[in-house]
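Kindly produce the complete structure, drawing on both the sequences and the hints.
Same order as they appear, the protein sequences are chains E and B.
At position 630 of the first sequence the residue is numbered 636 (my numbering), and the sequence of numbers has no breaks.
At position 6 of the second sequence the residue is numbered 48 (my numbering), and the sequence of numbers has no breaks.
Simulated from the structure, these hints should not be mistaken for laboratory data.
Relax, there's no trap hidden among the hints.
Partial list, computed: chain E residues near chain B (C-beta under 7 Å):
#: 1; residue: F79
#: 2; residue: E130
#: 3; residue: A160
#: 4; residue: V161
#: 5; residue: E449
Built from N, CA and C at the ideal position, the CB exists for glycine as well.
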Amino acid sequence: MPSKKRKKFNKKSKPRSSFKKIIINKITGSLLLFIFLISSLYIVYLDIKITDKISGKIWSFPSSVYARPLELFKSKKIGMADVIAELKSLDYIKVDTRPNKPGQFRVNNYSNIEFVSREFEFGEVVRASKGVRLYIDNAVIKNIQELNSNQSIAVFRLEPIKIAGIYPKQKEERELIKLEDVPDDLILALLAVEDRRFYNHWGIDPISIVRALFANIVAGKTVQGGSTLTQQLVKNIFLSSERTLIRKVNEAIMALLLEFHYDKSVILETYINEVYLGQNGSNQIHGFQLASHFYFSQPLQRISRDQMALLVGLVKGPSWYEPRRNPSRSKSRRNQVLALMLEQGVISQYQYNKYSVAALGISKKPRLSSNRYPALMGLVRRQLQQDYNEDDLKTAGLKIFTSIDPIVQDKAEASVVSMIPKLEVNKSKTSLLQTAVIIASSEQGEIQALVSDRKPKFSGFNRSLDAVRQIGSLIKPAIYLTALQQSDKYSLASMLKDEPLHIKTSNDDVWSPMNYDKKYLGDISVYETLKNSRNVPTVRLGLDIGLSSISDSLHNLGVTRDIPAYPSMTLGAFNLSPLDVANMYQTFAADGYHIPLRVIREVLDKENQPLKRYPLSFSKSLSDKSVHLVNHTLHQVTQSGTAKLLSKTLSTKVAGKTGTTDDTRDSWFAGFSGEHLAVVWIGRDDNKSTGLTGASGALRLWADIMQHINTDDLSLSLPEGVTEHWVDMKTGGLSDKRCQGAVKLPFITGTEPKEKASCTTGGLFNQLKNLFK
Amino acid sequence: MYDWRFIQSAQKLIQVVLSLTFIGLLLVTSSCSVGPSMGTKDEQIQVVSILPVADSPLLPAVIKRLMNLADEQFNQSKTSDSIVTLERAIRIKPRYPEIWSRMAAVYAHLGKMTQAKQYAERSNSYISNNHPLKSFNDDLINSANR
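And the structure:
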């Protein structure tokens, strides 16, 4: 029975079993087909991922922002200390012998400096490396010579300092190098250490894997890796560094695909530019070219074999073998690499002996360039955002050349740091004083320096650009310019009334402007009113010429904001930022030419091709004659007017105007020399009183900055159609230089006073004094 | 057979249309390049050539060097480089009228007469009425005004 049953069972089970087998076979077949299909799709997906990345944009390149290149020429005003500071900022190395490598300098004595510049690609020309000797005496360049031939050089342009980078979130930095420019010895060393059979495998190397496995078993720990360069590249670009089987499988498949699609030279070049070799603050150093600059301040082509060995050794562990932090560990690793190079026949025994005892030769760590001048960078970014999108700025590797002058900027920052605490008259308000400083070139409107905080390195509210405050008497030159443009009605000798004034406002209030000294002087000339910043006659004049005319003049001077047309605007009761004020005074500094202030000169793409140039542009809507009359008076402001402090503290001829607002909330000074325009604001963020007038606050900081930067005298040469005459200040009539109270003033020809004033000579002393005016 | 002939005719038609388009494009391009602007350009080159060379003993060596470099760049048809070099000179010594005039001449050559006029006026603002550059600047301003 059981057998029968079994038989029966067997009889029945036979077809079942074969059916089952068929089903299992079918399922297995389908499953295998499914797996095959999925795997194929996955491989196709990986393939697309690889080709997309390698053939397209592999890396993001941060944009670099450069300062102005320092121009050196005979008669330039610059101190030896400034030249040395510039070279140090460029990471030049001081040497004791005659410099013979790019990036070296020597100070022979305090009048002679020698250096070898690095090659630099400017937009319009490649400036080759050159040896230069500078002779400086009394902060003036006396001669420039070529180092070897001693031939005089008319002008030499140093490479510009990189002052900032504009980075994507992950701060990767790299400098691309083509494979043909990579020294053969570096390639040989790299292959000797990382992948000896690079030219013999297809992406993965079973022989290396077995060899590494054997070595690791023998050592009882991981001492050797079996990854090829191709696998390492795949891991660096596409995969994470986690140690999982799936990651390893992906790495192997992708390495094979990479080798299938691309030539060995493409893979090697990509590896050399991709490999991570260190960290500079939060910035990652990628690629051998940048690493060479970072560790040795030299391009890859100029470093020695032992230095190449050090870089190759870093691949294993950039942090562990970091040569600045761990010199002995780094040296030991370098010597391991040298030993492998010897073993592979890359270097001889003699060379090994020589290199393995050589010093590491590491240069000083380059400065972090990303946060050197945060407020200035705020301005640069705003101007860039008008032409470039944020993504391009962070990834396209643009080279942005600016007019920023680190020498001027550093001196302005130093003045702010030292002067602001001294100006805190009321110590209970200590640390509440804030400041903004803008310095530009007088004739070209190029911004050279910008400070927006009493702590200049603090990156916060950008007061130079965004603090809009009442400007007080800084408005006055615009009012007098408007009046003097009506030359048939007003000249500097025209008389105004300094008497009480009451104005009914639109809401039936009465506004009674006051002079700062609360006094009235009666009849006073236009010249004296502006020089001494008298309020009441200025309001009278402003109302006479018309508020809309003043507003028009302000716009012609470069102010772009809307100006309110109410009487108190004649005393500057409206808000402008320091940048607006700088735009306005720039037009005075440039003899009536309005030059919109700019900070960017040129933008190049990654391949150094010009993308956009920002040429000097200007317009003229103001008479140079009227501007000259105002500038003459603004110079007198600094000699005997509200800013006469400058006649004692500065040896340079300058012009400018003080500004103070109600309850001394804002202290301003805006002025210019022949070379620089500078605007200084001091105030509090809570808009409370500072206890400082324009003269006791901003003017003192302005003077300190101007004392420290090298600047040229203001030029006040008479334009065509302007003549000078002696005028009696009491009556405004023509006078003689021997007469008491006579002042020499410029007039637009035909507008000089017709009537003669009576003359009192005032004695021999007065006559002698006027004789020298 | 019919189809083949049809394809041949279509091909011929396409060839004719393409040839006509090409000829049309050639005509349009040539009319752009040999039109009135060519005459203007000749005048502009003449304007540049009458400008005194930068060998005045009064000019500092640095300005002479940069102006000569700008001339070299100009002669190699690198006008934008020439402008960059002249701007360099202006930054170094802004009050030399020779540089502003040279810049005016380069802009005139480029047909940018508004800028040319502005630079010529700026040059005039640094010189007296009897300066040798005055007549050059005035000629340029007058031609810009025309």
